[in-house]
Every structure is written in structure tokens, then in C-alpha cells.
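Q: Next come the chains, spelled out residue by residue.
Protein chains: 2
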Amino acid sequence: MTDSPSSPAATARRPGKRERLVAAAAQLLHQQGTERTTLADIAKVADVPVGNVYYYFKTKDDIIAAVIEAHTRQITTTLASIDTEHRSPKSRLKALVREFAAQSEIVAQYGCPFGSLCSELDKRAEEPIPAVAALMRLPIEWAEKQFRSLGRPDAHDLALDLMAAYEGSALLANTMRDPGILSEAALRVDRWIDAL
Amino acid sequence: MTDSPSSPAATARRPGKRERLVAAAAQLLHQQGTERTTLADIAKVADVPVGNVYYYFKTKDDIIAAVIEAHTRQITTTLASIDTEHRSPKSRLKALVREFAAQSEIVAQYGCPFGSLCSELDKRAEEPIPAVAALMRLPIEWAEKQFRSLGRPDAHDLALDLMAAYEGSALLANTMRDPGILSEAALRVDRWIDAL
Chain P
0 MTDSPSSPAA TARRPGKRER LVAAAAQLLH QQGTERTTLA DIAKVADVPV GNVYYYFKTK
60 DDIIAAVIEA HTRQITTTLA SIDTEHRSPK SRLKALVREF AAQSEIVAQY GCPFGSLCSE
120 LDKRAEEPIP AVAALMRLPI EWAEKQFRSL GRPDAHDLAL DLMAAYEGSA LLANTMRDPG
180 ILSEAALRVD RWIDAL
Chain R
0 MTDSPSSPAA TARRPGKRER LVAAAAQLLH QQGTERTTLA DIAKVADVPV GNVYYYFKTK
60 DDIIAAVIEA HTRQITTTLA SIDTEHRSPK SRLKALVREF AAQSEIVAQY GCPFGSLCSE
120 LDKRAEEPIP AVAALMRLPI EWAEKQFRSL GRPDAHDLAL DLMAAYEGSA LLANTMRDPG
180 ILSEAALRVD RWIDAL
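Top line first, the protein sequences correspond to chains P and R.
Under numbering that gives the first Met the number 0, read the first sequence as residues 0 to 195, first letter to last.
Under numbering that gives the first Met the number 0, read the second sequence as residues 0 to 195, first letter to last.
Careful, some of the hints might be misleading.
Since the list gives no way to pick one copy over another, a pair counts as held whenever it fits inside one copy or between any two copies.
[As the list claims (entries may be wrong)] Under the rule of at most 20 Å between Cα atoms (straight-line distance), these lysine to any residue pairs were calculated in the SDA-like manner: (1) Lys59 with Glu34; (2) Lys59 with Leu38; (3) Lys57 with Arg136; (4) Lys144 with Ala132; (5) Lys57 with Arg151; (6) Lys59 with Gln31; (7) Lys144 with Ala64; (8) Lys59 with Arg35; (9) Lys43 with Arg136.
Please keep in mind that the hints were generated in silico from the structure rather than gathered at the bench.
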């Protein structure tokens, strides 16, 4: 059993099985959390026979680790493309805030995909997944670099405040099922960045 | 079967079974989350025979609702005692921030007891528990009242920002297992209130 599809035509049609499993897992972990999601659920959404899942992932923790890896790649790509498209630290920070605000609807429905995953995995004191803290550190360290470029000696604190404002607003938006809580908080953070 | 203990002496010694079950459930939901906690776990920590649990709570959702009720009573009591002990809106807000900061160690270990519960229950789109949104609204509405007393027309936004700063910092502190993230954010929020 390999990840290569049965015919060259299939390559053009859809991603490989492993990729589909990770995408399905990311979606289900976001929508219903790690505890409620089974490997069978993931296989069904990915349209992969359950028996095949074990070829790629031995346990649910293996697939959670793959989802964290995928999120890490996604954040890294987003931050790199912001760096390319924007020159000034302020416009870079504001671009990140716009990325956050653009997710208001889905965040109000299911929470921040990274934040709610961290919150859930944080309950497992006996088996921590260190990659999840590294995932959260990525945007914080990137924001800290921008604030430092602005000459702020409190760059680290400002970066933490920025991420806390996003994660906290995401939680409130989700709990109240109100995307406006996140999108309006983003506007205030945008003005805060302008005023720095 | 009743909630009354077998002898009057026992009354002085320990709370009734229902109260012990709710306290044990609050502790376990905080430490290991709603999905991983079983009624048997709760009975064990509460030192109540599992068979007795069903007399008080038919399902895990019943006991989760009782925990939300207990949290609601606790927040209401805390806010009322702040109102009694402090006269000015600023010192009231700062007292709430001190309450948050005082929990830094336990929050870094297990997350905010309300926030992480909201985050977990938010994943259950099919069976929302409205009381959890009402629980989160309590400190927001109280803070909004204080900001309004300060003559701020943006009182609602400020209250949301205050709670988002706390919940977001609690999540980051928990993910990084670093209580300093929460206690130092509280100091910055304290200065922000002073500067209003």
C-alpha cells in the first residue's frame, strides 16, 4: 500500500490519502474536538477506507501530531507571505490582524483552530504534545520581531498582548456565537497598532 | 436515599454528597476536561459510591450543568464582594484583575476553569449549554457597568477587551505552562485601567 493513486489521472483529481486524512482530521478536530473525533470519523470524511488509516497513522495522537504539523506549515506560510507583501512592521502586524478578522465567522462557530486545540491538549497533563506550544510561539515570535523593528523595548509583552487579544476574543466570539466580537476587536487592535 | 449524613457529627465534618459531587466534578472538569471525566471518576474523588451518583445526576450533562451553576454562584459572590469592598469603579476593576492574577499558577497548569470549559462545550454544536454563555457574560456585564461609571461611551468594548485579555493570557499561560504570562499581563491591564 502506498500513497500513490492508482492512475495518473487520479493525481490531478484529488490529493493523496495521507493529505486527505490530515485535512479531514484538521477539520474534525476544529469542529468537534480531539476527544470526540475517532479515526473512523476521519477516514469517512477523508473518503479513505478505515483499514488504510493505520498504514499512515498508528494512533489518534499520531494524526493529531500531523495536524499540528500542518497548522505549523500553514502559519509559517502565512507569516512569510505577509513578510513578502508588506515592508513596514506596522503594515505587517495589521495584515496579521486582518488574517485573524477574516476568520470571524468560522471562529464564532468552532473557536480558533489553534487556540481550541491548545486548550484541549492542555488538559492532558500526563501526555503533553510540545509541538502545540511551539505552534503558538510562531506568531508570537514573529509579532515580537515586528514590534522590535518599531523600536519597542517591550516587544515581547506587546506580542503576547496581541495574541492574547486574538485568542481571548476568539473564545468570547465562540462562546457567544457572535463573530462581531472578534471582527470588532480586530478593528480596535488595528487602531492600537496605528497609535503605537 | 437522602443528602443528609448518617449522624449529626458528620454534618460538621464534611459537606453533603451532592455538594461533594459538584466540587469533585468542577475540579476534574478543570483538570482533565469534560470528555475525559467519567461519572465514576467524579464519584471516586467525591468519595461517594458510584451507585449513589445517579440519585443526584442522571447524566454527565446534568453534573456539568451543576458545575456551571456553581461557577455562576462563585463569580456572582466574588463580584458582589468586590462591589462591597471597593467604592470606585477603577479600584473595583483592579480588584477583579487581582482575582485573575491570583489564579496564575493553577491557570498555567489547567487553563481558566470557565474559559476552558466554554471552549470544550463550544465544540458540541449539536447540544449547546446556554448557561455557559451566561456565565461568561456575568463578568463582562459587571465590567461594562464599571467602565460606564467612569463615563466611557465604549464601556461594552472595554469590558470585552478586558475579558479577552484575561482569557487569551490564560490560554497562552496554559499552553506555555508559564504562570508569568498571566500575572505579567495582569500588571499591564492594571496600568491600562489606571491610565483610562
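Q: State for each hint whether it applies.
A: Hint check:
{"no.": "1", "hint": "Lys59 with Glu34", "result": "both (9 Å within a copy, 15 Å between copies)"}
{"no.": "2", "hint": "Lys59 with Leu38", "result": "within (6 Å within a copy, 24 Å between copies)"}
{"no.": "3", "hint": "Lys57 with Arg136", "result": "neither (28 Å within a copy, 42 Å between copies)"}
{"no.": "4", "hint": "Lys144 with Ala132", "result": "within (18 Å within a copy, 36 Å between copies)"}
{"no.": "5", "hint": "Lys57 with Arg151", "result": "neither (47 Å within a copy, 56 Å between copies)"}
{"no.": "6", "hint": "Lys59 with Gln31", "result": "both (14 Å within a copy, 18 Å between copies)"}
{"no.": "7", "hint": "Lys144 with Ala64", "result": "neither (27 Å within a copy, 44 Å between copies)"}
{"no.": "8", "hint": "Lys59 with Arg35", "result": "both (11 Å within a copy, 15 Å between copies)"}
{"no.": "9", "hint": "Lys43 with Arg136", "result": "neither (33 Å within a copy, 38 Å between copies)"}
The structure fails to meet hints 3, 5, 7, 9 from the earlier list, while all remaining hints are met.
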